Amino acid sequence: MAISRPARASDDVAGKQIKRTIWSGVLAGVGLVAFADETVFHQLLHWHHFYDKSTLAVGLVSDGLFHAGGFIAMVAGLFLLADALRRGGFVPKRWWGALLLGAGGFQLYDGIVQHKLLGLHQIRYHVTLWPYDLTWNLIAAVMIAAGAALMTGRAGVAGSAMFRSDAGTAA
Amino acid sequence: MPLALTLLAAVGNGVAWYRLSRRGHRWPARRAACMLAGSLCVGAALLPPLASHDDRFEVHVIQHLLLAMVAPVFLALSAPATLALRALPRRARRALLRMLHSPAVFVLTAPATAVTLDLGGLYALYLTGLYQAAERDSVIHTAVHLHMFLAGCLLSWAVIGIDPIRRRPGIRGRLAALVIAAAGHDTLAKLMYAWMLPAGGGPAAGRQLGAELMYYGGTAIDVALAVIVMTQWYLATGRALARTRRRSAVAGP
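In order, the protein sequences belong to chains A and B. Take the first sequence: its letter number 75 is residue 75 in this note's numbering, and every next letter is one higher. Take the second sequence: its letter number 152 is residue 152 in this note's numbering, and every next letter is one higher.
Bound conformation, chain A alone (with noise of 0.2 Å):
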């Protein structure tokens, strides 16, 4: 009966851990997408225009949203995930989840909306398109899945003591 009481306190501080940890993935999966599309597809590969001269300008408030939102919700996510660690009692795999569902979220955004109704700016030009959104969208697809997948079933508390910065007043 003693441990009853702390037990309670415990799955509150449970509860609030793994909400810590889902709202650390989803930043830092939407983040890591802008990220990789801003350094992959516009600097390295040249892929996608800085600008195409036939977008709307409502598509560009969308890309300036989510240009500036994503660099900013992958710091966000980064010290929040810090900040989990921090306290104890990390999820790994709903923080994967979370990730996976995060960046699978956005790239679908950017690829149904922002690419294709909105017309912001295309993924390659001067070659058949519906491949490569076909390939986008699917990977897309696919991330939101197997995010689905580990948000579900069991998953343990991150258990190393590096982990736990009150590994030693927790017994």
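Treat the hints as calculated values from the structure; they're not laboratory data. If you're wondering where the values come from, they're calculated on a predicted model, not measured in any experiment. Please note that the accuracy of each hint is not assured.
[Said to hold, decoys possible] Per the computed footprint, the stretches of chain B lying under chain A, defined by three or more beta-carbons under 8 Å from a beta-carbon of chain A, are:
1. 63-71
2. 173-182
3. 219-228
4. 231-237
[As the list claims (entries may be wrong)] A few chain A residues that don't get close to chain B, going by computed Cβ distances all over 10 Å:
5. K16
6. K19
7. T39
8. F41
9. F71
10. A76
11. G105
12. V113
13. Y132
14. T135
15. I139
16. A148
17. M151
18. G153
C-beta atoms are modelled at their ideal positions from N, C-alpha and C, and glycine is treated no differently.
Starting from the known structure of chain A, fit chain B onto it as the hints suggest.
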């Protein structure tokens, strides 16, 4: 004009440091270094060689990034109002504290106000004929610089400031303000690139280079701002966490 303000601020800081050290108080060196770096950025933006070539649009953009974005970040981190509160005589200190806690200052330093003034000024400058007018008229030119600098300061104070302002918004509000300001800045840069703006900005190549500099330079500074906000949050949360753990350790299991 901002240069004169900065010189005045630098002299004021010197006097404040002197008064504090005479009383045996210490002022953190990193805050002094931030004040120095911020003043240097303002100086670099408003003195030759940048100032003598600011008829070229890409040079104007570098000036704008230094004056309205980099300098305010350093100045906000130097906590000038806190320094003034420590160094001023009692009566002046009370007056300053009353002013800092006044409704007017609360409204001015609210993130929504800061973002509106900052983006509003930028969009008016580059999308209307204001840039061209400022190129011709030195009074408008000075007013534009002053507005950019002050609006940048308001935004930096709202997002990363450490001076005692009443009811500072929480981490979510500050991050949201940063995302909106950054997105507005990026969108404007792309609009300028697309529409070959601003009017009167010189050769087309210079205008496009300027817009790209504004886009990537702005992103770099916004990422730095995000890192600063989150570092402040991480340290503050860590202090709260340590307090809770100490308390539960004292209370016992």
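How the hints compare with the structure:
1. 63-71: Violated: only 0 residues of the segment 63-71 of chain B have a Cβ under 8 Å from chain A.
2. 173-182: The restraint on the segment 173-182 of chain B holds, since 4 of its residues have a Cβ under 8 Å from chain A and three suffice.
3. 219-228: holds (count 5)
4. 231-237: holds (count 4)
5. K16: holds, 12 Å
6. K19: Non-interface label stands for A:K19: nearest chain B Cβ at 14 Å, farther than 10 Å.
7. T39: holds, 12 Å
8. F41: holds, 16 Å
9. F71: Given that some Cβ of chain B is not farther than 10 Å from that of A:F71, nearest at about 5 Å, it is violated.
10. A76: violated, 6 Å
11. G105: It holds; A:G105 is separated from chain B by about 17 Å at its closest Cβ, greater than 10 Å.
12. V113: holds, 16 Å
13. Y132: holds, 23 Å
14. T135: holds, 26 Å
15. I139: holds, 25 Å
16. A148: holds, 26 Å
17. M151: Nearest chain B Cβ is 23 Å from A:M151, so the label holds.
18. G153: holds, 30 Å
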